[in-house]
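Peer 1: Throw the hints in and build the complete structure from the sequences for me.
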Amino acid sequence: MEPLISMGVLALMGAAATVAGASEDLESDVGSQSNPNSQVQLAPQMMYPHRIYNKAISGEPPSNALMCAVGGTTATVLMSAYNMSPVFAIAMGALIAALVHGTYSVTAFLGRPTSQKRFKQPVYLDILWSHTPVIMGYSYITTFCILVISYLMVSVLGHPFPLPLIAFIWGITIGAIGSSTGDVHYGAEREFQSVEFGAGLNAANSGNIVRKGESGLRNGFDNSWFCAKFGGPVTGIAFGMVVFLSGWVTTVFDPAKGIAIGWLSVIAGVILVLIMILWNRKIEVAARAAYGPYKEDEVAA
Amino acid sequence: MIDIAGILIDNILYVLLITLGGALISLSVHFVPVGGAPAAMAQATGIGTGTVQLAAGAGLTGLVAAGAVMQVSNSLPLVLAAGAVGAMIMMSVTMIVGTWVYVYGVGCPPASAKVKYDPITKDRQDLYVSQGTEGHGLPTVSYVSGVLGGLFGGLGGSLVYHSLITAGMGPDVVMSNLIGLASVFAVGIFFVNAVIPSYNIGGTIEGFHDPKFKKWPKAVFSSLIATFMCALVAVLAIGGL
Amino acid sequence: MSAGGPGGEAHGGVAPGKMIVFGLLGGLICIYAAHFLAMVNPVFSFIGALGAVCAIVWGADAVRRVCSYGLGTGVPSIGMIALGMGVIASLFGLAVGGLAGPIVAVIAAAIIGLVIGILANKVLGMNIPIMEKTMVEIGVAGALTIVGLSTTMAGTFMFAEVLELVVAPGYIAVIFIAGGMGILHPFNACLGPDEEQDRTLAVAFEKGGIAMVIAGIVSMVISTAAAIPSIVIGLLIWYISFAKFYELTKRDAYKVLGTGLLPTEEELQ
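Those sequence lines, one after another, are chains C, U and G.
When the letters of the first sequence are read in order and numbered with the numbering used here, they come out as residues 3 to 303.
When the letters of the second sequence are read in order and numbered with the numbering used here, they come out as residues 5 to 245.
When the letters of the third sequence are read in order and numbered with the numbering used here, they come out as residues 5 to 273.
Worth flagging that the hints you see were computed from the coordinates, not collected in a lab.
The reader is advised that the hints may include incorrect statements.
Said to hold, decoys possible - No farther apart than 25 Å at their CA atoms in a straight line, the calculated lysine-lysine pairs in the DSS-like style are these:
#	chain 1	residue 1	chain 2	residue 2
1	C	K119	G	K137
2	U	K126	U	K218
3	C	K284	C	K297
4	U	K118	C	K297
Claimed, not checked - Computed Cβ-Cβ distance ranges for the label pairs, DEER-style:
#	chain 1	residue 1	chain 2	residue 2	range
5	U	V177	C	F223	51 to 57 Å
6	C	L280	G	G21	57 to 63 Å
7	U	M173	C	G294	58 to 64 Å
8	U	I124	G	G262	52 to 58 Å
9	C	G260	U	Y108	41 to 47 Å
Values in this document were obtained by computation on a predicted structure and should not be read as measured data.
No residue lacks a Cβ here, since even glycine has one placed at the ideal position from N, Cα and C.
Peer 2: Below, the structure is given as structure tokens:
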């Protein structure tokens, strides 16, 4: 294909991926999912009952993979069986996916606190009614964007995998990225804002999550408001970078044009990875210099 | 019924290659620095997610890249390299953004609690570990280890995929059927081999400098056996096309 | 991951033996019934998904039993390995078995599951007493789920049709994850010290209903007439089991409140 057109498609995929990453992270913050949720789960046991959604739908990768696979399947069925336009089919697919995701959220929210009866954590129905539509809204955006990426990959860039499978794989990947990056901002910072900035969570504080908000008792909305300032956008950048860079190396150096160019794409990828290793090192050095050690060296002192 | 013995004899090489790919995936999971739930609270070194999920995310990204290259080139080394690079890019990006969050969002310098000095940079680690935690973030050694994890995971995944496609290739094979079957088998084999090592390390590991890393032969042995069985049935199913 | 922590044997409720009979026989009978009745009229293909629902419920119960011991990593991993071996075993079974396909799939899944279970206990040293048994159960349940849903989607379990209508267009991916989540989510969602079997299994039925609806959507590719019964019956299963789940939630929860403040200090004592 014309290289500039594939670059344009790639840019569109990168943009869609950035939006998807951000909405994926905020979806997991408003509902409290994955690893940070272990503290929400632990809190009542430590005598800290709370009013935070408890969306224990497995980890983020399987739950996002489910959304995307359901959306991709529905969209493919509508396109192949009824010849519907891709835009409409993708929108419908994302809608069905959001509905399915909603039922998973509701069962997790009702199930987990109920199984903690002895710690006296009540089930607040207003949290259920107010948060679930927001969770579904975010999941709609995520699924829609992933389906756009998958559709472009299959129909324009000519990827051999079928659309539902590509959507499934990107769902796993976006979930893995979301739970590795943005969730840390929610888990390590927002849940424990009461402890000093710059400290990791002391094991003694486990379960002592912040339960009071700027106004009233804290809930998932307050958490997503906070994470939308940093955790969500960086997750978006992360997923956008993965989609863009992994496609970029083969778009600029197209292996279809010969083995040698194929190897150039591999070299380009390795160079990117080396740059990121050095970048990580630079941040590490800067952080150590800026924040300093937590304790004095006993031998030197 | 199909000719089971005939297919097996024809494809024994691919069975072995798939088994090798599974073992590589199993090994790769040991390199990926994951701290599980504690890491998500900056309470342990590593990426704040589960082993299976992150390894699968990286490996499957590699599989997508390998699938794309396999479409246009049948050179085995190139397909393997494309898969490995795809997975390495996914791991590097995830870890660099993870570092942003730990450093700028949470305010912790990267530090390991398992070793006193970073084996690569020789930096002192224990002084930078916040009180009451077991390290946080991704010091250089964990980062490099994660990249290696991506490398092996991507290699393994694309080796499995390439072997399945080549085993199934025949004069009257419908390409979309073959690709559908091979890709879903590759995903299945990937998940089996991502879960086995995560049971071995109990969910968390800092990287190749972690004492738990020494347990890898157990998981790789288990994966060899489990993948061998999966490879047998997968090649029988795909060879009969 | 928010693992269940070290625990013991799961308590109470329907005995494992009955669940095995329900899942294995229910699954196989429904799959064969769907296959032969759908030859008469494609409308009957929905019965295959009923078999998948039986298998999902059985698988969820097996996950519940093994995860009560605490795996050291999250519950989801076991659902993923179940479907990982399930998908390989079931497609192998259908490919080589012909009419005996589902049975070959069950046997293949049982063998792979047994080997992984033995490896987990003996080589990896997990030392969970029921590991081997439940790995077999989970693998077979995963395989039956895949065969059941594929039968509904394709209207038959003959390999050529399944390959063309389910695997090649990638719908196998949604079977993989919807089945896997159906098996792992019920216990994961109800995890906790006061978990009850009937409430967990109500979620399993509910997730089975959703998987059935999705299979119905896919079977639209063949005929709308085949899709409608699957979707309607799936929604019915979903509604009944969700209502049951909500009722049991009200029975088991400390309090189900419209809204309110947090429990007071005295209340927590």
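Peer 1: Checking each numbered hint in turn, tell me which of them this model violates, lowest number first.
Peer 2: Those not satisfied come down to hint 1.
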